[in-house]
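Make a model of the complete structure from these sequences and hints.
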Amino acid sequence: MPLANPRLLNFLIFLACAALLAFGLYLEHVEGLEPCPLCVVQRIEFIGVGLTCLVAAMHGPQRLGRRLYAGLTLLFAAAGIASAGRQIWLQGLPADQLPACLPSLEYMMEALPFQDIVSLMLHGTADCAEVTWTLLGLSIPEWSLLAFVGFAAVALLQLLRRD
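Quick note on numbering: our numbering labels position 27 of the sequence shown as 27, and the sequence is numbered without any gaps.
What the hints contain is simulated information worked out from the structure, not anything from laboratory work.
Model, not experiment: these values are computed from the prediction.
Among the hints, a few may not be true.
Now the in silico label distances, taken between C-beta atoms and shown as ranges [unchecked claim]:
#1 GLY32 x LEU159: 39 to 49 Å
#2 GLN115 x ARG161: 32 to 42 Å
#3 LEU159 x MET58: 12 to 22 Å
#4 LEU12 x LEU64: 34 to 44 Å
#5 GLY71 x GLN115: 20 to 30 Å
#6 ILE47 x THR132: 40 to 50 Å
By construction, the Cβ of each residue, glycine as well, lies at the ideal position given by its N, Cα and C atoms.
Here is the structure:
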């Protein structure tokens, strides 16, 4: 069975990323759920996947270009899998083993060097272990993990396609 048009697949992934980011913003600004550091990292990774796929859809490259875009999409998706997986792992830890909570991002931007902020955000905190919203029994990072796995699978298929 031949794969769908690469431009269409990339555009659909872009739309999915845009919808996921819009839903995250809805949860933050309407429902009042503050994103933890790992949630912010996952948003950045969704932006990376989405923008890469949007550019690929607009560009419509030939075989080598499709593979380069698919490889870049796969890298962003793999990073998303890692950060969502880390957050799911943190959610499974007992309370006494959780890392300490971080100060606000605004304070860290004023007080810490950039590389320390990035390191702290990537490791996650006790804030990241709190499950504040679920749908069908899955938390936000579990849904993110499913999305990133789906994006990675499509990118891998695009990378390996023969035409």
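Tested hints:
no. : hint                        : in the structure
1   : GLY32 x LEU159: 39 to 49 Å  : holds (40 Å)
2   : GLN115 x ARG161: 32 to 42 Å : holds (38 Å)
3   : LEU159 x MET58: 12 to 22 Å  : holds (19 Å)
4   : LEU12 x LEU64: 34 to 44 Å   : violated (22 Å)
5   : GLY71 x GLN115: 20 to 30 Å  : holds (26 Å)
6   : ILE47 x THR132: 40 to 50 Å  : violated (22 Å)
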